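Throw the hints in and build the complete structure from the sequences for me.
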Amino acid sequence: MIASTTPIIELRDVSRHFGIQPVLRDITLPVYRGETLVLIGESGCGKSVTMKLMMNLLQPSSGEVLWDGRPVRERNDKEITRERLRFGYLFQGAALFDSLTVYENVAFGLRQNTTMPEPEIRDVVVNRLRDVGLNANVCEKKPAQLSGGMRKRVGLARALALEPEVILYDEPTTGLDPIMSDVINELILQTRARRQVTSIVVTHDMHTVRKVADRVVMFYPLARLGEDESQIIFEGDAEDAYDFDDPRVSRFVRGEAGERLMELAAE
Amino acid sequence: MTPIHHLGQVILEAVSLVGDLVLFGMDMLSWMVARRVRGAVLWPVMYQVGVLSIPVIMVTGAFIGMVLAVQTYDQLKMMHMETQIGSVINLTLVKELGPVLAALMLAGRVGCAMAAELGTMRVTEQIDALTALGANPIHHLVVPRFLACVLLIPMLTLFADGVGILSGWIFSTQILGVDSFHYWYHSVKFASTWDVMSGAVKSVFFGGAIALVACHRGFRSRAGAEGVGRAATEAFVYSFIAILLIDFMLGTLLMRLYYVVWLPFGLP
Numbered sequence: 000m001i002a003s004t005t006p007i008i009e010l011r012d013v014s015r016h017f018g019i020q021p022v023l024r025d026i027t028l029p030v031y032r033g034e035t036l037v038l039i040g041e042s043g044c045g046k047s048v049t050m051k052l053m054m055n056l057l058q059p060s061s062g063e064v065l066w067d068g069r070p071v072r073e074r075n076d077k078e079i080t081r082e083r084l085r086f087g088y089l090f091q092g093a094a095l096f097d098s099l100t101v102y103e104n105v106a107f108g109l110r111q112n113t114t115m116p117e118p119e120i121r122d123v124v125v126n127r128l129r130d131v132g133l134n135a136n137v138c139e140k141k142p143a144q145l146s147g148g149m150r151k152r153v154g155l156a157r158a159l160a161l162e163p164e165v166i167l168y169d170e171p172t173t174g175l176d177p178i179m180s181d182v183i184n185e186l187i188l189q190t191r192a193r194r195q196v197t198s199i200v201v202t203h204d205m206h207t208v209r210k211v212a213d214r215v216v217m218f219y220p221l222a223r224l225g226e227d228e229s230q231i232i233f234e235g236d237a238e239d240a241y242d243f244d245d246p247r248v249s250r251f252v253r254g255e256a257g258e259r260l261m262e263l264a265a266e
Numbered sequence: 000m001t002p003i004h005h006l007g008q009v010i011l012e013a014v015s016l017v018g019d020l021v022l023f024g025m026d027m028l029s030w031m032v033a034r035r036v037r038g039a040v041l042w043p044v045m046y047q048v049g050v051l052s053i054p055v056i057m058v059t060g061a062f063i064g065m066v067l068a069v070q071t072y073d074q075l076k077m078m079h080m081e082t083q084i085g086s087v088i089n090l091t092l093v094k095e096l097g098p099v100l101a102a103l104m105l106a107g108r109v110g111c112a113m114a115a116e117l118g119t120m121r122v123t124e125q126i127d128a129l130t131a132l133g134a135n136p137i138h139h140l141v142v143p144r145f146l147a148c149v150l151l152i153p154m155l156t157l158f159a160d161g162v163g164i165l166s167g168w169i170f171s172t173q174i175l176g177v178d179s180f181h182y183w184y185h186s187v188k189f190a191s192t193w194d195v196m197s198g199a200v201k202s203v204f205f206g207g208a209i210a211l212v213a214c215h216r217g218f219r220s221r222a223g224a225e226g227v228g229r230a231a232t233e234a235f236v237y238s239f240i241a242i243l244l245i246d247f248m249l250g251t252l253l254m255r256l257y258y259v260v261w262l263p264f265g266l267p
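From first to last, the protein sequence lines are chains A and B.
Heads up: the first sequence begins at 0 in numbering that gives the first Met the number 0, then just goes up one per residue.
Heads up: the second sequence begins at 0 in numbering that gives the first Met the number 0, then just goes up one per residue.
Keep in mind the hints are simulated off the structure, nothing from the lab.
Since the structure is predicted, the reported quantities are computational estimates derived from the model, not experimental observations.
Note that CB positions come from ideal geometry on N, CA and C, so glycine has one too.
Check before you lean on any hint, since a few could be wrong.
Said to hold, decoys possible - One-sided and incomplete, this derived list gives chain A residues near chain B with beta-carbon spacing under 8 angstroms:
id : residue
1  : T27
2  : Y31
3  : G33
4  : R83
5  : F107
6  : T114
7  : P116
Structure, rendered in structure tokens:
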């Protein structure tokens, strides 16, 4: 029995390095059922890596990732694959399969993991595409024929097809015009309202943060931190970040470079 | 860094690369045995590897046959043995040059394309997307490519052999003026079933090596256009080396087998 207060996903003292390059250090971060958690921070601070660790697409170098309070490493590969289907992932560039049509992309998870007959799959695909504001005539198009915003929406439809409990959005508005960015923000809100999902969003876009976040966590690049400093430099409400004492936080959310240009020149 | 350090680093990298390739291959084999590949995944790959390679394989086979005729005719004529040209062309073709050159051509056409495709899938997170959607990337991407190469590259090799034999015969009889009867008479006398079979056996291993190396380099591709380009180049270079190595080792082994197994039983 899983207690309602048990985080659906939790990182406990997680560190991750690539070769000799450390990216995350001792991160402890619970994600609670039903909330929308937004991860912000400069490029290269480990936000996307954190999301991949949450979904076990990457494994921690040390520390533990827990799903429903149970360490992922205690599960076997089959269990991990099955449980991973509870999570939907919208990748940064949508990561649609180039060789497949839009229909085949959205149907992929259903064909792979269910014995659902094709007419039912078609209904699900058309409904999910409709949920993200696309009609059935995009079904036969290849991803290369779609605009950036359409690709993101197809990616979201694909992530929603298996009716996940958690949706992870990796920079969902990056590269989109302001209107399409807001369409995506609205879709994040609508998805949460319709399906009661837990959402984790990685973004640089403060408009998205203010619009969708229940809780904001800000990461700081490890390379510019001291040995004893925490990599999470802010956790709280989006509005509180604007008046936060730490200038690294307030400057980031306001989009002010400050002395950063000088620092970059000195690096 | 001293030259000794540099040498040590190169050796360590090579050992680590081979180790990683072996583990990758074992993972692929375990998935191949564990679960059947869906036809919807396998057929498009077989079409890419098999059907789309036919034109280049025809060109390769045709030119091997004609080049062999050109190169051997003068030497044989000096010894008044030009009627034997069929045996030289056909034996060299089915036993050595057909399988090796067809494999090298396919390492370029098929191997580089696979590495570039999988490398692009890696850097655009499509491989992560497969995992996220409950598919194992090795089972979904590598196993069908391996099966397609192992099954179809021997067939393409035999096809190249056939085209080479035909082009060598046409060139020798129509351009060089060799008598057709003697051409085939000596061909049949010297080229045995064993020679054709040994070429086909080699090509099975060449196919496996091309697929495995190409998929491995694709999966380990680094980010960006440079990373994908590098993966494609490495796929060709490493496949080339693997083909030559396998050719040497299997050539030696098959020759021993011929004397130990084939000849004592008086097989054709």
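Tested hints:
1. T27: Given a least distance of 24 angstroms, the restraint on T27/A is violated.
2. Y31: violated (22 angstroms)
3. G33: violated (21 angstroms)
4. R83: Constraint on R83/A satisfied, holds at 7 angstroms.
5. F107: holds (5 angstroms)
6. T114: violated (13 angstroms)
7. P116: This hint is violated: P116/A lies away from chain B, its Cβ roughly 15 angstroms from the closest one there, beyond 8 angstroms.
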